[in-house]
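Below are the chains, spelled out letter by letter.
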Amino acid sequence: MSNIHKGDVILQISGLTVKVQGRRILNGLNLTVRAGEVHAIMGPNGAGKSTLSQVLAGRADYEIVAGSAVYLGEDLLALAPEERARRGLFLGFQYPVEIPGVNNVYLLKAALNARRRQLGLQELDAFEFLAIVKDKMALMQMDESFLKRGVNEGFSGGEKKRNEILQMTVLEPTLAILDETDSGLDIDALKVVANGVNSLRTDNRAVVLVTHYQRLLDHIVPDHVHVLAAGRILKSGDRGLALELERRGYDWVLEEANAA
Amino acid sequence: MSTTPQDLEELVGQKYRHGFVTDIDSDTVPPGLDEDVIRMISRKKGEPGFLLDWRLKSYRHWQTMREPHWAHLHYKPIDYQAISYYSAPKSNKDGPKSLADVDPKLLATYDKLGVPLHERARLAGVAVDAVFDSVSVATTFKERLSEAGVIFCPFSDAVRDHPALIEQYLGTIVPPGDNFYAALNSAVFTDGSFVYIPKGVRCPMELSTYFRINAANTGQFERTLIIADEGSHVSYLEGCTAPMRDENQLHAAVVELIALDNAKIKYSTVQNWYPGDENGVGGIYNFVTKRGECRGRNSHISWTQVETGSAITWKYPSCVLTGEGSVGEFYSVAVANHYQQADTGTKMIHVGRNTRSTIVSKGISAGHAHNTYRGLVKVLPTAEGARNYTQCDSLLMGDKCGAHTFPYVEVRNQTATVEHEATTSRIGEDQLFYLLQRGLSQEDAVNMIVNGFCKSVFKELPMEFAVEAQNLLAVSLEGSVG
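As given, the protein sequences belong to chains C and H, one line each in that order.
Mapped onto my numbering, the consecutive letters of the first sequence carry residue numbers 1 to 260.
Mapped onto my numbering, the consecutive letters of the second sequence carry residue numbers 1001 to 1482.
No lab work stands behind these hints: they were computed from the structure.
There could be a bad hint or two in this list.
To be verified - Calculated cross-link-like contacts (lysine to any residue; reagent style SDA-like; alpha-carbon spacing at most 20 Å):
id : chain 1 : residue 1 : chain 2 : residue 2
1  : H       : K1455     : C       : V97
2  : C       : K148      : H       : N1451
3  : C       : K134      : C       : V170
4  : H       : K1455     : C       : L147
Make a model of the complete structure from these sequences and hints.
Right, dumping it as structure tokens:
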């Protein structure tokens, strides 16, 4: 972790081509993410945004036809999902699942210790762990009673998203991929979530935001904005691109790409 | 590499950890059952005449009965003449006077099983009665218990030392003619445990029995009787294991509990009989009758069971709620993997006024297994104000297993309240992936999901056994998500 410096390549995706049930969803996608950067990936529905997140996190059911993804110098696609997670790749789920009867605090501790073992650090005892979690919960404006509740059990949509970001801030990933974390959030919750993400903006980490809407980017200002459509990054730019997309929609990007 | 069903399949081959055979010279009668065998058992145990008569009466009744086939179970016919009905470790014939007299090989067996005899018992604060095949090997902590006036001993000793209590209570909760297996047990039962808690005594420690079937082609027919006198309190736990054998072995036990006024009995079972291999060969046939009567006012009987073993489980620990304001509870986790079949549940019979019962059943099916919940809630006309709450949840792992729920409700009093909730869910790829993405291993992820599912039952187990139960579940289900 500490040997990652601003500007180092964290993730390099080249020519990634992925099929789902025989249908080609990603089609030669290229993307480079460096330490210290926040990337926003935007695009119309069905463009492959969620597929990209899931493939990077290691979900089965995706057939990788061609291309590669190198994460911190390792072949990411050859690693099991739990190995990716322990190496600091975090996926904030679009639809976090409920796991009844499993306390949030229990999962969080198991997850953090799995990460720490990988880093060669000692596992935390309950006391040290709680100190860390309580800090992060204050940041996320969450009530302590939450720790005793089942994982996402009976949570509102907003609570689930907040929980994802809480987990992220506790695990302090090297690369966080947040899949539509803003959907279903009211403006206050959006600010809290953005605070959590911004707290992880350091020179040795990177964040990839997958989103439909520009409004999240008012609170988490990205360094790079990409348009993902037809299974590829069709256009990249800075924050101005996001504003333009909000004004003009996506069609013009597709037309431009077709003309080229 | 990502998670594929193949990876998970590889993990399925988890071996049964208690499948060793102890090489001990046993005194085993040849297979077969007739009145002479029963006389022989009774004679070997030096029983009083009333008990032999009771056995013979039970046997004659059993001969008129037919094996029940209403359960959702499939197995080849059992040849009752091919079973040996008595087996005892030979060196043990005269009965051990103390732990020092017990065959060291037997102690080593219990050691392997993790039965906390000896110092470990002291540390754990658990009094153990260990039943090996047909006889009770050693009862720890006898002295400390007898200071409190508690009787905790092998059933055979109780017959010898407390015949009046046996004659008064034996078969009053589960009469010999209750069902086919209960009748068979009444005829041939060999050992088991006896507990008597005197008036007003809170038993100073957890009581525990460990059952093990060792000899080949033997059946185990133990009989347990627990009497909690007025205002007394006892927590009892039984654990069970058996070696791996290709033949099926029969286990037909009877457990009777009696709670008098304001008494409380908590009966917990961790059942891990050999379940057969991954192709369904071998394993224990577990046909057990367990019933408790809340005879006294405000008495309380609570059954908690974690059933991970046996090829076939047929078992319905029940409560007859006679005393006014009495409470019956049933908390169950039943796991069936590979080709295991479980048909289990409970009966709550409300007789007295303002009686209450709670049923929480968690069934987990994996592999090709079938898991059935069968429960009866019966409210008699006398049970004014009776209440029942039932919750039945099933968890499926994989797509070749099955879960079945048969709740029977019979209410004959209009003031009764009966509630029933049921769910069936599948361990989702989504849940699993979510936990993997947080860095948990495959096994840890499955355990976490299953333990979460079973949480409301595990919290009812005595603390030292809750951990054992969780581990057992982990072993039984290792890698069974595919």
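Cross-check of the supplied hints:
1. The straight-line distance between the Cα atoms of H/K1455 and C/V97 is roughly 18 Å, inside the 20 Å bound, and the hint therefore holds.
2. For the proposed pair C/K148 and H/N1451, the alpha carbon gap of about 15 Å is at most 20 Å, so the pair holds.
3. For the hint pairing C/K134 with C/V170, the CA-to-CA distance comes to about 10 Å; that is within 20 Å, so the pair holds.
4. Of the supplied pair hints, the one linking H/K1455 and C/L147 holds, its CA atoms being roughly 16 Å apart against a limit of 20 Å.
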